[in-house]
Amino acid sequence: MEGGQTITLTALSITFLVGLSRAMILFIVTSGLSFVLGVLRVPNVAHGSLYMIGAFVAYSISTLFGGGSLGFWLALILAPLVVALISLIAERTLFCHLYEREHLMLLLFTFALMLILGDLTKIVWGADYRSIMAPTMLQGSISIFGSPFPKYNLFLLIIGPLVAIGLWLFSTKTKMGKIARAAAVDMEMVGAIGINVSWVFAFAFVLGCLLAGLGGALVSPTISVTIGMDHNIIIEAFLIVTIGGLGNMWGAMVGSLIFGITQSFGVLLFPQFAIVFPYLAVVIILTLKPTGMLKSVW
Amino acid sequence: MLFGHMLRQKSFGISILIFGILLIAPALLPRFYIYFLAVIFVTALLAMSLNLCVGHGMLFQFHHGVFYGVGAYTAGLLLAKTSIPWWMAFMAGPLAAALAGLLIGLFCIRLNRLYFGMLQISLGSLIWAIAFRWYALTGGDDGIHGIPIPDFIASTTGSYYFVLIVLGICLLLMYLILKSPFGSTLQAIRDNPERCAAVGIHVRRHQLKAIIIATFFGGVAGVLFVIVEGSIFPDLLFWTLSLEIFIMCLLGGWFTFAGPILGAAIIVSLRTFVGTYTQYWTLILGVILILLIFFLPEGIMGYNYRQLFRSRASEDQVESFNASG
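If you're matching them up, the sequences are chains A and B in order. Here our numbering is used: the first residue of the first sequence is 157, the next is one more, and so on. Here our numbering is used: the first residue of the second sequence is 7, the next is one more, and so on.
Everything labelled a hint here was simulated from the structure, so no lab data went into it. Worth double-checking, as some hints may not be accurate.
[Claimed, not checked] Pair ranges (Cβ atoms, derived):
(1) A/G350 <-> B/I20: 54 to 62 Å
(2) A/A283 <-> B/W140: 54 to 62 Å
(3) A/A283 <-> B/W93: 37 to 45 Å
[What the hints assert, rightly or not] Chain B is nowhere near these chain A residues, computed Cβ spacing over 10 Å in every case:
(4) T164
(5) F221
(6) G223
(7) L276
(8) D284
(9) T292
(10) S297
(11) P306
(12) S354
(13) F359
[Stated by the list, open to error] Incomplete in silico selection of chain A near chain B, CB under 8 Å:
(14) I245
(15) L254
(16) M261
(17) L263
(18) T266
(19) A268
(20) L271
(21) L395
(22) T398
(23) Q428
(24) I431
(25) V432
(26) V438
Every residue gets a Cβ at the ideal spot worked out from N, C-alpha and C, and that includes glycine.
Could you put together the complete structure from these sequences and hints?
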C-alpha cells in the first residue's frame, strides 16, 4: 500500500475476509437487537451498553483465571450469562411495568438504562483501556494466498454462522421460539390463548441482551476494551437493522455483511474516512428501499 | 389578528414581566450567573426548537443536537477561518442547519415514528463522525477554541443581551408559527395523521417543513452557543446531547409551549451545580429520566395536560362568547 498505487488481489481478498469476520460480530450483536425489536417493538438503545459490559466482564473473568486459554473460554460462556442476568433484573424490576404504556416510554427507558449502565461501567471498571489475550490455539495467523490472516478472525467466521443457525433453529423449531414469533405478529392473540405475554417479552429481551453480551465477549480479544464502545456499536447496529428490515434476522445478517465489508474496504482505500463508507452504503440502500432490504416484521 | 389573540393571553403578560426582569438582571448578578443564564437561554432555544418537532408534530427527532452542532460549526468555522463579516457567519449557521435538516429529513420522513428516529440517529452520527475525523478542518476531537467574536458581544454582559434578544425574537416567531394555520395543521397531523391525509393535507410535506423550521432554530441556538462559549467541539453533535434536550422537552412538558424552557433551566442548573460534585452526571440524568417515565410522563407543566386542555378550551369558548356578545 506504499503510495497507494498497487492493491493486490491478495490484499483485496484478505480485506474481504477481515470485513467478513467483523460482520460476524456485528451480526451477533445486531441479531439480538433485531430480536428484541421484532418481539417488543422497541429499539433497545441500551443494547450497546450491554455489549460493552459483556466485553468488560469477559476481561474480568479472563484476568481472574490468569489471562490464559481457560480464562478466555470461561469468559466466553459466563460473560453473556452475566449480561443476561443484568438485563433480567432491569426487565423484571422496572421495564416490565411499562409494557402497557406508550412505545415512546419504553424507548426512553432503554435510553435511561444506557445512561445508567454507561456510568456504572465507568464506576466499576474505570476509564482505562483493557485488552484480553485470545487463547493460545487462536493466536497467530495462518496463510491465505500467501498472506497472513489472524486465526481468531477465522474462529469468528465459524462462530457467526453457528449463531445464525442456532437462532434460526430456535425460532422455527422450538415452542418458545414459535411463541416469540407469534407475539411479534399479534401480541394480543398470544395473550388471549393463555400465554403470559409479559414473560415472553422478558425472555425475548434477555435473549437479545445475551447476544449483545456474547458479541462483547467475542470482540474483546480483537480491540481494546474501553468506555465509549457502546456508542459506536449501537449506532452501527441501528443502521444494520434499518437497512436489513426491522426484526428480520436474515436482514440483520445481510446488513452486517454489507456494513462489515464496506468498512474494511474503506480502511484499505481511505483509512481516515473509513467510517464514512458504511454510512454511504446505508444512504444508498435506503434511498432505493426505505424500509430495508428484507421484509420487516412490523 | 394573531397578535391580538396573543396580547389578550394572561401568559403573555407574565412573559413580558420575566423578560423585563431578565433585562435588568445583569446589573444585579455576579458575572458567573450572567454567563449561566446565557447558557440556559441557548439551551432553552435548542429545546424549544426540538419541541416544534417532538411536542407539536410528534416527530421523533432523536438527533436534534446535530443541527445545533451544524449551526455552531458553520458559524464557528466561518468566523475562525475566513474573513467574511460576522453577520454573514451568523446567518450561515441557521441556514446550514436547515439545509442539513432538509437533507436528513428527506430520508427520514418516509419512515414512521421510531424508524424515523433510528435513521436520524444514524445519519446524524455520520455528521458527527465527519466533524470528529476531519482534523484539518474541524480540529477533530479537540474542536476549535478562542473563536473571534465581534467586540460588541464579546463581553459576558454583551453576549447575555444578544442571546436574550435573539431568544425573545425566536420565541415570538415560534409562537406565531404554531398559532398560524401551518402550526394548527401540524398539530392536527400529530393528533390524527390518517384523517389529515384523508381531508387532503400533504402530511409528509408539512412534517418536512416542521423539521426544516425546527432545525433552523436549532442552528440559531448553535450560533448563540458559539457567541457565549467562543468554541466548538464534536460533543455538540453527539447524540447524548440530543438525548439530553429530548429529556428537557419531556421534563418541562412536551405538549405545552413554554415547557421546554423550564426543562432546559432545570437540566442546565442540575448539570452545572450537581456536575461540579460528581463526574457521573449521566448516571443522574438516567435516574431523572426513569423517575420521569414512571411518575411524570407528561412533564412538569403538562402533567395535568388533559384537564388544562379542557379548561383552556372552555376559556376560549367563554372568550369568544364575550367577544360576540
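Cross-check of the supplied hints:
One distance hint, 54 to 62 Å for the beta-carbon pair A/G350 and B/I20, holds here, with the actual separation near 56 Å. Evaluation of the 54 to 62 Å hint for A/A283 and B/W140 yields a failure: the beta carbon distance comes to about 25 Å. Look at A/A283 against B/W93: about 42 Å separates their beta carbons, and that is inside 37 to 45 Å. With a least beta-carbon separation of about 27 Å from chain B, A/T164 lies farther than 10 Å from that chain, consistent with its non-interface assignment.
Distance to chain B confirms A/F221 as a non-interface residue, since its nearest Cβ pair spans about 30 Å, more than 10 Å. At roughly 29 Å from the closest C-beta of chain B, the C-beta of A/G223 stays outside 10 Å, upholding its exclusion from the interface. For A/L276, the requirement that its beta carbon stay farther than 10 Å from each beta carbon of chain B is not met, with the minimum near 7 Å. Even its closest Cβ contact with chain B, about 15 Å, leaves A/D284 beyond 10 Å, as expected for a residue assigned away from the interface.
With a minimum CB-CB distance of about 36 Å to chain B, A/T292 clears the 10 Å threshold, and the non-interface call stands. Listed as a non-interface residue, A/S297 keeps its Cβ farther than 10 Å from every Cβ of chain B; the least gap is roughly 29 Å. Here A/P306 stays apart from chain B, with its beta-carbon at least about 25 Å from theirs, past the 10 Å limit. The non-interface label for A/S354 is consistent with chain B: the shortest C-beta to C-beta separation is roughly 17 Å, beyond 10 Å.
For A/F359, the non-interface assignment is confirmed: its Cβ lies about 22 Å from the closest Cβ of chain B, beyond the 10 Å cut-off. At a threshold of 8 Å, the smallest CB-CB gap from A/I245 to chain B is about 14 Å, leaving the interface hint violated. Residue-level restraint check for A/L254 holds (minimum Cβ-Cβ distance to chain B is 7 Å; threshold 8 Å). At its closest, the beta carbon of A/M261 sits 5 Å from a beta carbon of chain B; the interface hint therefore holds under the 8 Å criterion.
The criterion of a C-beta within 8 Å of any C-beta in chain B is met by A/L263, whose closest approach is roughly 6 Å, and the hint holds. With 8 Å as the threshold, the beta carbon of A/T266 stays out of range of chain B, its nearest partner Cβ sitting at about 10 Å, so the hint is violated. The beta carbon of A/A268 comes within 4 Å of a beta carbon in chain B, closer than 8 Å, and the hint placing it at the interface holds. At its closest, the beta carbon of A/L271 sits 3 Å from a beta carbon of chain B; the interface hint therefore holds under the 8 Å criterion.
With a cut of 8 Å, the hint placing A/L395 at the interface with chain B holds, because the nearest CB-to-CB distance is about 5 Å. The criterion of a C-beta within 8 Å of any C-beta in chain B is met by A/T398, whose closest approach is roughly 6 Å, and the hint holds. For A/Q428, the suggested interface contact is upheld, since its CB lies about 6 Å from the closest CB of chain B, less than 8 Å. Interface restraint check: A/I431 against chain B, minimum CB-CB distance 5 Å, threshold 8 Å, status holds.
Below 8 Å, beta-carbon pairs count as interface contacts, and A/V432 has one with chain B at about 7 Å; its hint therefore holds. Against a cut-off of 8 Å between C-beta atoms, the interface hint on A/V438 holds, since the closest Cβ of chain B lies about 7 Å away.
The structure is inconsistent with the numbered hints 2, 7, 14, 18, although it conforms to all the rest.
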